[in-house]
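A.B. asks: Protein sequence lines, in the order shown, are assigned to chains X and G.
Heads up, the final residue of the first sequence is numbered 322 in my numbering, and it's a clean run with no missing numbers.
Heads up, the final residue of the second sequence is numbered 328 in my numbering, and it's a clean run with no missing numbers.
Hints listed in this document are in silico derivations from the structure and should not be mistaken for laboratory results.
Glycine included, C-beta positions come from ideal geometry on N, C-alpha and C.
Misleading hints may appear alongside valid ones.
Claimed, not checked - So the derived label-pair ranges between C-beta atoms look like this:
{"hint": "1", "chain 1": "X", "residue 1": "S141", "chain 2": "G", "residue 2": "S249", "range": "32 to 38 Å"}
{"hint": "2", "chain 1": "G", "residue 1": "P322", "chain 2": "X", "residue 2": "R153", "range": "45 to 51 Å"}
{"hint": "3", "chain 1": "X", "residue 1": "T178", "chain 2": "G", "residue 2": "G248", "range": "55 to 61 Å"}
{"hint": "4", "chain 1": "G", "residue 1": "S45", "chain 2": "X", "residue 2": "T174", "range": "53 to 59 Å"}
{"hint": "5", "chain 1": "G", "residue 1": "G257", "chain 2": "X", "residue 2": "A168", "range": "55 to 61 Å"}
{"hint": "6", "chain 1": "X", "residue 1": "A12", "chain 2": "G", "residue 2": "G154", "range": "30 to 36 Å"}
{"hint": "7", "chain 1": "X", "residue 1": "L16", "chain 2": "G", "residue 2": "P322", "range": "40 to 46 Å"}
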Amino acid sequence: MTLLKNREAVLAFAILLLVALVATRFPAFVRPANLVNVFNDTSPLILLAIGQMIVILTKCIDLSVAANLALCGMIAALMNGAGVPLPLILALAITLGAALGAINGLLVWKLGIPSIVVTLGTMTIFRGTIFLLTNGAWVNSHQMTDGFKALPRAVFAGLPVMSWVALAAIALFTVLLTRTPLGRSFYAVGGNPHAAVYTGINVGRTQCTAFIISGALAGLTGYLWVARYAVAYVDIADGFELSVVAACVIGGVAIAGGAGSVAGAVLGALFLGVINNALPVVGISPFWQMAISGSAIVLAVAFNAAQNRQPGRIILKSVEAR
Amino acid sequence: MIQAASPPRAIPDRLQSRATRALRSWETILLVVAIAVFTVNSFASPYFLNAWNLSDATFNFTEKAMIAFAMAMLIIAGEIDLSVASIIALTSTAMGLAMQAGAGVPVLVLVGLVTGLVCGAFNGFLVAGMGLPSIVVTIGTLSLFRGLSYIVLGDKAFTKYPPGFDFFGQGYVWWVFSFELALFAAAALAFFVLLHRTNFGRAVYAIGNNPTAAQFSGIRVARVRFILFVLTGLMSGIAAICLTSRLGSTRPSIATGFELEVITMVVLGGVSILGGSGSIAGVVLAALIMGMVTFGFGLLNVPGIVMSIFLGLLLIVVIAVPRLLRGK
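Sequences and hints are given; from them, build the entire structure.
C.D. replies: Right, here's the structure in full:
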């Protein structure tokens with residue numbers, strides 16, 4: 001019974017069921033090599049979903065992650081063209097991502113502007129900046145050095161580096177969230193901001209830190225994305241922020257803050273990843289993806305609400321229901 | 001909304017006089033900005049001060065502003081709808097399907113209105129009926145509605161709308177006054193009356209300020225919320241009819257990014273994103289300003305994506321400046 005109530009277990013079961021369902025018709029789908037592929041394809045989503053989850057934990061939302069990813073990816077590609085060595089590119093991409101996240105965070109912290117407004121604004125500003133940098137030109141495969149393109153694909157102990165990065169992030173942020181004061185303060189800020197203040201937590205600074213983490217992950221993913229697909233242009237990862245939020249909502253992260261786990265966000269991302277990879281296999285047009293992830297968000301949020309509804313004395317029904 | 005509760009307000013010893021309040025109001029600032037933008041534009045380009053050019057410029061904002069009126073009420077009530085642009089896409093696709101089935105102009109309009117209404121009711125049911133947070137629900141339906149449009153159309157498009165359908169987006173009522181402009185004026189008037197002169201409008205403010213208190217004072221909170229979502233869907237449907245008629249075609253990517261411009265318009269118009277305050281007059285002025293700025297940039301050959309940077313900056317600056325001035 002407790003297993004049934006465990007969000008992550010239910011989700012993991014749903015993913016296994018989904019994979020098994022596809023496997024009954026197309027056994028090749030469950031070959032280890034293909035499953036590794038699915039995980040690798042989903043790695044960018046996992047990385048961003050972890051960052052987004054931390055932001056949502058603190059009662060905020062970051063709609064600018066995809067634009068941040070695209071801007072950092074483009075700048076990584078441009079630096080590569082200018083002959084900057086790869087380790088420096090990586091460091092700069094992460095730093096730039098963190099700096100862009102800090103812009104969001106500072107606007108939320110210092111000016112108290114709602115995060116949805118801030119990130120809706122910075123989303124267009126970041127993407128517009130790519131256009132200003134390049135005048136709309138693409139950076140194509142032949143303009144990138146081999147080392148730049150090879151890193152995310154390099155196989156290491158059976159897994160590509162991109163998957164290893166995702167696994168490392170999962171491990172790092174699980175420890176950060178469950179075993180450090182900073183991690184606990186994310187939950188405290190989202191669970192009850194007023195109580196958090198009285199326990200000595202700076203709510204604004206904690207929210208700002210969450211945005212910086214989300215931004216840094218977006219910057220890192222920006223390099224990985226551009227290097228893996230070997231192309232950079234204004235519209236890469238367009239609308240990806242919706243999939244990221246979807247992964248979090250499906251993973252049981254409460255949009256009102258204070259509840260969620262790295263495992264949940266990762267499973268939510270994998271759920272979407274499996275669907276996206278299975279669609280072409282079972283012969284459904286990729287044009288269905290958008291509607292499916294939309295329905296998944298709506299269903300997941302309805303499911304979350306039904307599960308979190310606490311039994312107790314209801315004084316005024318329709319207000320309590322909210 | 002997902003923001004922490006605001007600190008308690010200080011109540012001043014003396015209230016300002018009516019005249020001082022009017023002079024210091026956000027609407028007055030907007031009016032000054034609108035006049036300034038108009039003046040700068042007239043000097044920046046010799047083509048700006050021309051009745052037909054100005055008439056063309058109104059198409060920049062009429063469709064978005066029609067949605068912005070309903071969105072303003074929704075935001076005042078403390079909710080938000082991010083799916084409006086996707087409702088336009090789905091509505092336009094539904095009209096395209098009806099057109100393929102041989103529907104005439106009246107049926108097309110009916111299909112458009114009903115589709116918008118149904119989409120709004122769906123959002124409203126999820127938010128007001130099931131008590132789900134509007135921001136996530138409408139992020140979901142944003143993806144769902146446009147996704148349905150992609151399923152129907154894929155990489156294709158509906159064209160060949162029947163003759164006569166072009167009137168809604170391209171027709172003129174009198175001289176340089178387009179049908180869309182007339183519709184915009186009518187919508188502005190209707191929403192002004194609804195928000196500022198009816199019990200329903202007062203209920204919207206009450207819910208935005210304190211939903212629990214509103215409930216205890218006998219306002220049917222869930223029903224008002226539901227109606228607001230239906231209204232936003234309906235206005236998106238009307239905007240979809242105008243836009244489809246103006247473009248003469250439907251692609252699944254139609255109206256991409258409209259939600260941002262609509263919300264920017266509402267916030268620029270002085271509506272508090274946290275709910276509880278704002279006015280229709282402010283939104284009208286914001287629509288005029290955004291339309292003129294876009295038009296002015298267009299005359300100066302500024303590319304669309306640069307305008308979107310400007311809009312993003314505008315959205316943040318407009319909220320940031322008053323907070324900075326007040327010392328937060």
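A.B. asks: Next, verify each hint and record whether it holds.
C.D. replies: Tested hints:
Taking 32 to 38 Å as the suggested C-beta distance range, the pair S141 (chain X) and S249 (chain G) conforms, at roughly 34 Å. For P322 (chain G) paired with R153 (chain X), a C-beta distance near 50 Å keeps the hint of 45 to 51 Å intact. A hinted range of 55 to 61 Å holds for the C-beta pair T178 (chain X) and G248 (chain G), which are about 57 Å apart. Take S45 (chain G) and T174 (chain X): their Cβ atoms lie about 58 Å apart, and the range 53 to 59 Å holds.
In this structure the supplied range 55 to 61 Å is violated for G257 (chain G) paired with A168 (chain X), their Cβ-Cβ distance being about 35 Å. For the pair A12 (chain X) and G154 (chain G), the beta carbons lie near 33 Å from each other, so the given range of 30 to 36 Å is met. The hint said 40 to 46 Å for the Cβ distance between L16 (chain X) and P322 (chain G), and at roughly 52 Å that hint is violated.
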